[in-house]
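Letter 47 of the sequence shown, counting from 1, is numbered 47 in this note's numbering, and no numbers are missing.
It should be emphasised that the hints constitute simulated quantities derived from the structure, not laboratory data. You may find that some hints are simply not true.
As the list claims (entries may be wrong) - With a straight-line Cα cutoff of 25 angstroms, these simulated DMTMM-like cross-link-like pairs (lysine to aspartate or glutamate) come out:
1. K8 - E91
2. K66 - D103
3. K24 - E81
4. K26 - E109
5. K133 - E87
6. K26 - E91
7. K51 - E136
8. K26 - E67
9. K26 - D60
10. K34 - E91
11. K133 - D74
To be verified - Pair by pair, the computed Cβ-Cβ distance ranges are:
12. H98 - N27: 14 to 20 angstroms
13. R5 - G121: 38 to 44 angstroms
14. E109 - P43: 31 to 37 angstroms
15. F145 - T82: 25 to 31 angstroms
16. V50 - Y21: 46 to 52 angstroms
17. S11 - E91: 43 to 49 angstroms
18. R5 - E91: 42 to 48 angstroms
19. R5 - D71: 36 to 42 angstroms
20. S36 - S2: 20 to 26 angstroms
21. S36 - G121: 34 to 40 angstroms
22. E87 - G30: 27 to 33 angstroms
Beta carbons are placed, not taken as given, at the ideal position from N, Cα and C, and that holds for glycine.
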Amino acid sequence: MSNIRITKQFSFETGHALYGYDGKCKNVHGHSYKLSVTVIGKPITNRNDVKFGMVIDFSDLKKIVKEEIVDQFDHATVFNETTPHIELAMELKNRGHHVILVDYQPTSENMVVDFAQRIIGRLPAGITLFSLKLQETESSFAEWFASDNL
């Protein structure tokens with residue numbers, strides 16, 4: 001049986017700020033992110049399996065990505081906890097805002113690596129994360145490929 005790639009797309013709104021950056025993105029701002037998740041595997045060949053012919057049920061993939069990324073990052077503000085932005089983050093948290101603290105600069109490049117690790121840990125046996133594409137704007141995105149990270 002051939003390996004087949006399955007892709008599901010997601011969207012969410014997230015704010016962030018890049019501490020120490022020399023451009024506009026040093027300010028708190030947000031993006032309408034689009035995330036494309038591609039997994040690879042062999043379709044199920046057991047005719048008695050309700051998921052016969054599927055690599056993974058799109059709804060199963062949706063559940064994983066929704067729980068690991070969309071539900072956590074949607075309408076949140078992400079700050080690097082190892083910078084003075086921690087003070088701003090704590091103030092916002094104390095005022096009831098949804099803040100995520102990470103140990104990296106919250107660029108699309110670093111976020112896509114974080115997202116890959118979160119998804120890999122939840123995929124069922126026989127299914128591999130092939131790639132992620134995190135689109136920050138209409139013309140700007142970061143991509144992660146498993147083949148680049150062996």
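Right, here's what the structure says about each hint:
{"no.": "1", "hint": "K8 - E91", "verdict": "violated, 36 angstroms"}
{"no.": "2", "hint": "K66 - D103", "verdict": "holds, 22 angstroms"}
{"no.": "3", "hint": "K24 - E81", "verdict": "holds, 20 angstroms"}
{"no.": "4", "hint": "K26 - E109", "verdict": "holds, 16 angstroms"}
{"no.": "5", "hint": "K133 - E87", "verdict": "violated, 31 angstroms"}
{"no.": "6", "hint": "K26 - E91", "verdict": "holds, 18 angstroms"}
{"no.": "7", "hint": "K51 - E136", "verdict": "violated, 34 angstroms"}
{"no.": "8", "hint": "K26 - E67", "verdict": "violated, 29 angstroms"}
{"no.": "9", "hint": "K26 - D60", "verdict": "violated, 37 angstroms"}
{"no.": "10", "hint": "K34 - E91", "verdict": "violated, 28 angstroms"}
{"no.": "11", "hint": "K133 - D74", "verdict": "holds, 17 angstroms"}
{"no.": "12", "hint": "H98 - N27: 14 to 20 angstroms", "verdict": "holds, 19 angstroms"}
{"no.": "13", "hint": "R5 - G121: 38 to 44 angstroms", "verdict": "violated, 20 angstroms"}
{"no.": "14", "hint": "E109 - P43: 31 to 37 angstroms", "verdict": "holds, 33 angstroms"}
{"no.": "15", "hint": "F145 - T82: 25 to 31 angstroms", "verdict": "holds, 27 angstroms"}
{"no.": "16", "hint": "V50 - Y21: 46 to 52 angstroms", "verdict": "holds, 49 angstroms"}
{"no.": "17", "hint": "S11 - E91: 43 to 49 angstroms", "verdict": "violated, 28 angstroms"}
{"no.": "18", "hint": "R5 - E91: 42 to 48 angstroms", "verdict": "holds, 44 angstroms"}
{"no.": "19", "hint": "R5 - D71: 36 to 42 angstroms", "verdict": "violated, 25 angstroms"}
{"no.": "20", "hint": "S36 - S2: 20 to 26 angstroms", "verdict": "holds, 21 angstroms"}
{"no.": "21", "hint": "S36 - G121: 34 to 40 angstroms", "verdict": "violated, 19 angstroms"}
{"no.": "22", "hint": "E87 - G30: 27 to 33 angstroms", "verdict": "violated, 20 angstroms"}
Going down the numbered hints, you'll see the structure goes against 1, 5, 7, 8, 9, 10, 13, 17, 19, 21, 22, while the others check out.
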